[in-house]
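There are 6 protein chains.
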Amino acid sequence: MMALVEHNAKELLNCIDSTVDSLCSEEADRALSYHGQTRIPMPSADALREFVDTVRAVIFPGYFGDPDMGIKSRRYHMGVLLDKIVRLLSEQAARGLCFEGGAAPGKTPEDCATQAQEIARGFVKRIPMIRTMLSTDVQAAFEGDPAAKSPGETIFCYPSIKVLTSHRIAHELYRAGCGLLPRIISEMAHSETGIDIHPGASIGENFFIDHGTGVVIGETCRIGKNVRLYQGVTLGAKSFPLDEAGNPVKGVPRHPIVGNNVIIYSGATILGRIRIGDNTVIGGNVWVTTDVPAGARVVQSRANRQRFERGAGI
Amino acid sequence: MMALVEHNAKELLNCIDSTVDSLCSEEADRALSYHGQTRIPMPSADALREFVDTVRAVIFPGYFGDPDMGIKSRRYHMGVLLDKIVRLLSEQAARGLCFEGGAAPGKTPEDCATQAQEIARGFVKRIPMIRTMLSTDVQAAFEGDPAAKSPGETIFCYPSIKVLTSHRIAHELYRAGCGLLPRIISEMAHSETGIDIHPGASIGENFFIDHGTGVVIGETCRIGKNVRLYQGVTLGAKSFPLDEAGNPVKGVPRHPIVGNNVIIYSGATILGRIRIGDNTVIGGNVWVTTDVPAGARVVQSRANRQRFERGAGI
Amino acid sequence: MMALVEHNAKELLNCIDSTVDSLCSEEADRALSYHGQTRIPMPSADALREFVDTVRAVIFPGYFGDPDMGIKSRRYHMGVLLDKIVRLLSEQAARGLCFEGGAAPGKTPEDCATQAQEIARGFVKRIPMIRTMLSTDVQAAFEGDPAAKSPGETIFCYPSIKVLTSHRIAHELYRAGCGLLPRIISEMAHSETGIDIHPGASIGENFFIDHGTGVVIGETCRIGKNVRLYQGVTLGAKSFPLDEAGNPVKGVPRHPIVGNNVIIYSGATILGRIRIGDNTVIGGNVWVTTDVPAGARVVQSRANRQRFERGAGI
Amino acid sequence: MMALVEHNAKELLNCIDSTVDSLCSEEADRALSYHGQTRIPMPSADALREFVDTVRAVIFPGYFGDPDMGIKSRRYHMGVLLDKIVRLLSEQAARGLCFEGGAAPGKTPEDCATQAQEIARGFVKRIPMIRTMLSTDVQAAFEGDPAAKSPGETIFCYPSIKVLTSHRIAHELYRAGCGLLPRIISEMAHSETGIDIHPGASIGENFFIDHGTGVVIGETCRIGKNVRLYQGVTLGAKSFPLDEAGNPVKGVPRHPIVGNNVIIYSGATILGRIRIGDNTVIGGNVWVTTDVPAGARVVQSRANRQRFERGAGI
Amino acid sequence: MMALVEHNAKELLNCIDSTVDSLCSEEADRALSYHGQTRIPMPSADALREFVDTVRAVIFPGYFGDPDMGIKSRRYHMGVLLDKIVRLLSEQAARGLCFEGGAAPGKTPEDCATQAQEIARGFVKRIPMIRTMLSTDVQAAFEGDPAAKSPGETIFCYPSIKVLTSHRIAHELYRAGCGLLPRIISEMAHSETGIDIHPGASIGENFFIDHGTGVVIGETCRIGKNVRLYQGVTLGAKSFPLDEAGNPVKGVPRHPIVGNNVIIYSGATILGRIRIGDNTVIGGNVWVTTDVPAGARVVQSRANRQRFERGAGI
Amino acid sequence: MMALVEHNAKELLNCIDSTVDSLCSEEADRALSYHGQTRIPMPSADALREFVDTVRAVIFPGYFGDPDMGIKSRRYHMGVLLDKIVRLLSEQAARGLCFEGGAAPGKTPEDCATQAQEIARGFVKRIPMIRTMLSTDVQAAFEGDPAAKSPGETIFCYPSIKVLTSHRIAHELYRAGCGLLPRIISEMAHSETGIDIHPGASIGENFFIDHGTGVVIGETCRIGKNVRLYQGVTLGAKSFPLDEAGNPVKGVPRHPIVGNNVIIYSGATILGRIRIGDNTVIGGNVWVTTDVPAGARVVQSRANRQRFERGAGI
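Going down the list, the protein sequences come from chains A, B, C, D, E and F. Everything in the first sequence is counted per this note's numbering, starting at 1 for the first residue and increasing by one. Everything in the second sequence is counted per this note's numbering, starting at 1 for the first residue and increasing by one. Everything in the third sequence is counted per this note's numbering, starting at 1 for the first residue and increasing by one. Everything in the fourth sequence is counted per this note's numbering, starting at 1 for the first residue and increasing by one. Everything in the fifth sequence is counted per this note's numbering, starting at 1 for the first residue and increasing by one. Everything in the sixth sequence is counted per this note's numbering, starting at 1 for the first residue and increasing by one.
No lab work stands behind these hints: they were computed from the structure. Hints may contain errors.
What the hints assert, rightly or not - Below, a sample of chain D positions facing chain B; criterion: calculated Cβ distance under 7 Å:
hint, residue
1, 13
2, 72
3, 73
As the list claims (entries may be wrong) - Pulled a few chain C residues facing chain F out of the computed Cβ check, cut under 8 Å:
hint, residue
4, 77
5, 79
6, 80
Note that beta-carbon positions come from the ideal geometry of N, C-alpha and C, so glycine has one too.
Next up, chain A with everything else stripped away, as it sits in the complex:
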């Protein structure tokens, strides 16, 4: 590029020099840098995106991935895609394990790589199961949205299928013991869909989220079969009790258990380790912090619904 005017070279160098000094001081450096295993970098977001895309192509052939992956020669293509999945996951899981286990004395990068390879092979064996679960989710989306014209449309376009593909992958990795990778994957899906499902959440078959923006599903949620959510639903933790230091207590079951055949309408907030019974319907915008019995319908107080008013501000 041709610059319209020139920097004052001395001022420029001066500002760079002094900022470098400041940023590279021992102390500053330690706080926000990744040091753990200098030979092993952080996982690559691009590689993980490619990993998820490749699994998606294996599960929904013709919809995603190489459009020319013909039916007759599909075995060859499947083999190559699975091989690629193993390789991508072996590398990235090794990085993730090194990051997480930086403190574990005596655990070498080679140990992490070996463990990562086992995780990768194990994951490949679980793909048919993930595919089966997603096939029920596709059916749920098609049946749950009057605007859906075909199951294929939900596979190709719906955020629900997109986020559940990522979640069911991430959940397998979470269960296999690599914590960072599934977290990265779920945040990528969160960014794309506005739906934030923690990889730890366990979700039954035939699940559907309509529209979805703003949905939050916490780490220790357990959701049954045939559940449908709308946009803005929170399945969260109550923040209390705090520990003695004033911080939330970590690591305990703290999110709802949702039964089978439940519908939760938009904006509903359900907090704490409560049970939402089978066959319940939770209305829009309601706030639930205690158990709901099976078969119940929970709706907003009528007082809350609307009030006409003339001539004044809101």
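Chain A is fixed; fit chains B, C, D, E and F onto it per the hints.
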């Protein structure tokens, strides 16, 4: 890449082989694959993104697309961009029509391609109209947000203009009879902005959505002129009545009709085929499921607004 | 590509010609085109993305940017990254200033470029301060989320850190007097995270937003230290009073002032130039439009929380 | 980019307008444009490069193509690569046939596509034979160059193997009746290696060209087994006789027939439909236009070799 | 990447530090760095490649550039391509002029930019003439090579057309007074084709070079109409006389003048400011340093042609 | 892409299956595959190209590499470039050593990686020396070509400087004991310039090759200072004596030793372990196979130069 350790080759091959077998079984394959017209792939999301970007460059020259598209030589550039629009849309619409019409007996890919070309030429003729509508939306955004410094800023940065550009394009395609393409386009805009407008929704001039995250506007909505929405507004369907199989009834007008000069504040939920009269204001977080007369202000019940409490959990 | 069928060349050319005529008419052209300084294009979104990514790499080395940026040779890398930051910002800020100041008589592109270079050098000197602020935000995220396993995980994955990195950069640019650039940066972060923080908002140290989708923080907000927000929180303006033309009055302080040690739960809406006192807790989904005293807990009306109902619609 | 100065807009538009007029006149347009089948473009050089690279990866696995194509899972990879070869060649050969047969009345693009697919499938079946031939060429390179450390080095680095891979592919396509494609492939190899082998030339096993720059081998050459050439060797046509119009007579055998076990040193020029007998050696820089008997050594006249001279120009 | 072993950090930093010291010493830096106008970089080889490719697409539409540039909408495409040519050339010529004129006192980058724009506009006006010349070269290639099946094949594949397109472009730029740019362009063509034509050489219509590798045509050559060369031909300078410092004298006419209707066979070397008369034929491998009268045939001495020899080395 | 016609699926699969069988047979696989160290791939040509480009940017700052690498902040840039050189070379040299040493029992990939790192650090220390040598070559090019307008032009455009940069890099690597890498580098330069210099050749300062296409310089050449070559010069081996198996004897000094201040004109062929004395001039196209005394001029026999002939073919 150099791998730190080697996979056990036998285990690796074994896990790939068995997963390939499982994934390529006749039955599994049929469920989640795209078979319809093997010569014609699914539409390409990348090509559709390029299509939308090209229309945007035609409508807002200098803001988007080639920055060097000078005023004097603009005719040449416009012609080339329109030519590109025709080509991209001809190809992608043909794919979409083949996908949707897979079941129609006797309809060949060549028939789809011919129909797609007519759609593409028809679309190009509608671009000046789309441009006119968007020019009113730009004005609405500038006037509706105290933080906007110039109309140009809203063109360049505002999610409202971004999502409305996509929507007004998608709505034309929806009306022209290709169902999948506009759906893909609206989901791409949903992913970027958090605003989910079904391409079927009809929206009048001078429309503005501020912030916008979480807004949902359903397929059969009809929105008048000079309407302004804030984040988290739902213009949705009541889920009932269900049909005899327990699923939502499809294909009927089921979303609100919103009049002219209406403001709907953040988090309001308006459900069902109800009418929101002209010149009404719907307050934040309210829940509306019945008609609202012209000129009304609807606000939350005061009881609902806030309550002070000491010493207890939420 | 090989086309299945050919366009009717005459119809194709005809539709392009007539649309070009329509789009290139003097009047239409003026409305939605960027003319200001034809030598100087609009800022480049890609370049600004690269700028933000480069600052992120400087602040969190090893987490972002070149993974091989070793500790020992870090000074060299830091110098090059800062040099790149200066260059990217000098160019983009000059474009932004030309856009904003198009009307200023006698201000040349060269003047804008000179001013932009000063802004760029000034920005580089502020990076250590931004880094210090973000280090407190990392700590807040780690302490504020029971699911966070390490501070590093929040750096690498959390939307809160992502959006605050962008915001703290954008806020510096806002203060330095270039209005368009920070707006573009904050909209990019909004698109990625669903969190919409206006670059004018001033935010104290140790800030955390959990999940975050749907959060809106307005231009004139002032937020204290140790504040935590959840998804769907709005810190907005009351739309009234309108001016005589029926539009919102622009440019006045109109968003909340939030004290220190405040928690605001999901879906809460806080509107207007009100004060939320220190050490307060605002419950989920509540609607606050008046001052809240220090130490208060504000919760939803109980009436509003949940109501069981059998056999009827919502 | 920001331009230092602005073009005079009127002069700019004027020069563009008048040049467009000149270039788009009917007559000028016809001379140098490709019109034949407007639906079918020219072959893509990039696609053909990918085609050659894919065949190379199939023939020399581990040396070229995906380095991770493991031995155990190789069947999968091979299948996918062959599938890709068929698809690339089907498309490009169809384009080539449309180009060549533009004048053939009644031959449709669909006819060309069908023929191209047969060529593609036939080509795939010939790959093992091509591989066998190239394995002898690798051996010849290793044995023929004292500087070669291993056969693998010649596979990976030597222009001889690079150009012969292209040639043996191109020659198969030439024999299959598509004339343009092999010509493009051989010119790409010519550009990379400086070795110009016409795809029509027939070359026996165990062939080696050392250094190679400047070598020319004409269309109707027939070369036996175990032949070695050095840089700058021409196996060309005598330009005479001319036809009555003063142009070279086309389409007749006009290049040398070279026997088995022949060595031709650098710079030798061998012209016309002559026979170079088995076991001959042709010395550097000699000029041969008549048959050479088996077992002969042909060398430069001594007079020609060197002469010492003092005090004068060359 | 994961590294198998770690560098010794201290040794690594030490070797970098000491080499940086050595490379950045004032003196070393001055010798081999580009300092001239620090705001203006060297021309970009990529941009010049794009420039040449764009001119090629304008001259041979359908063969190169966008294959979908239909006949009917071609005016639009031509206009855009010419606009692009002007912009690329304006920028690159400005860089080239700044490089060359670094020493000219008082000449600013803005002066260079203004001059470059004039050159660019002038160049565009010359494109039809370049096109006309190249159309004769295409005819010459088709008629001059018995292997050519159609003129289109020579446009698409032949190094002769490729190098002449570059040369005729470069020669116009050379005449317009920018010296560096055409030199870069001719070296790019030299690298691709092995044919080295100095941009200063003047070449008449209907020119053809067959095979071409190794051809050299010097700066002050003047070549007539209907000339044909083969590979390895040199039209060079005699190196003598040297100046008093022992270097070749610069800037004088020193290369051959070749008349009309001349054929020069492979490997011929023609040196010095001599005249090769009309209608001459220069045989292969001959060495010519004196004038050749019109109508002559110059051939190698017979003694030189071939000699049989048995039982001895070469 | 949309295919005009469909492949016969059965024939397609059949041809792929049978070719896979043939290519994957044990025996075929072994012959032309790379098996050595399955964890370690072949060196990457792209990475080596980047390596050479990075060294070039270090040696000629401003001419190559980042044009914005300012003088004042150059130390930072230099450090980063050297760091990159170390990393690229460490990785690629490790691959090369694994390839070459596949047979060495007990040598692990880790051993190769350690050795490669030492080579990389050693190489960096030699860069200032390489720079010094190249600065003399730039001077030689400027002085040796009457068409060169400035030393900078030769740096930026001349094949001589391009090939010598590669050669002087490759020669250092050759001396450091990695054989494959320098060979790859020299073949890349050969492909670009048509000049084939074996990395083993030792070349003194102030070297220049004009035009260069077709030049060959063999592995054991030793060339003095101030030597100038023209296109088509061969400094090669005599092929004899053969060993008892009929192959050239490997590994012995077999190429010429060229003294100081020598000029060798185009097309000259100099073969065998002979000495070309200081201050000699070798004329064009001559053939030299015996020692040439210092101060000699060797020219073609006059008989050979030209002969006029009328009315007959060549």
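Here's how the hints hold up against the structure:
| no. | hint | verdict |
| --- | --- | --- |
| 1 | 13 | holds, 4 Å |
| 2 | 72 | holds, 4 Å |
| 3 | 73 | holds, 6 Å |
| 4 | 77 | holds, 6 Å |
| 5 | 79 | holds, 3 Å |
| 6 | 80 | holds, 5 Å |
Consistency with the previously given hints is maintained throughout, with no hint failing.
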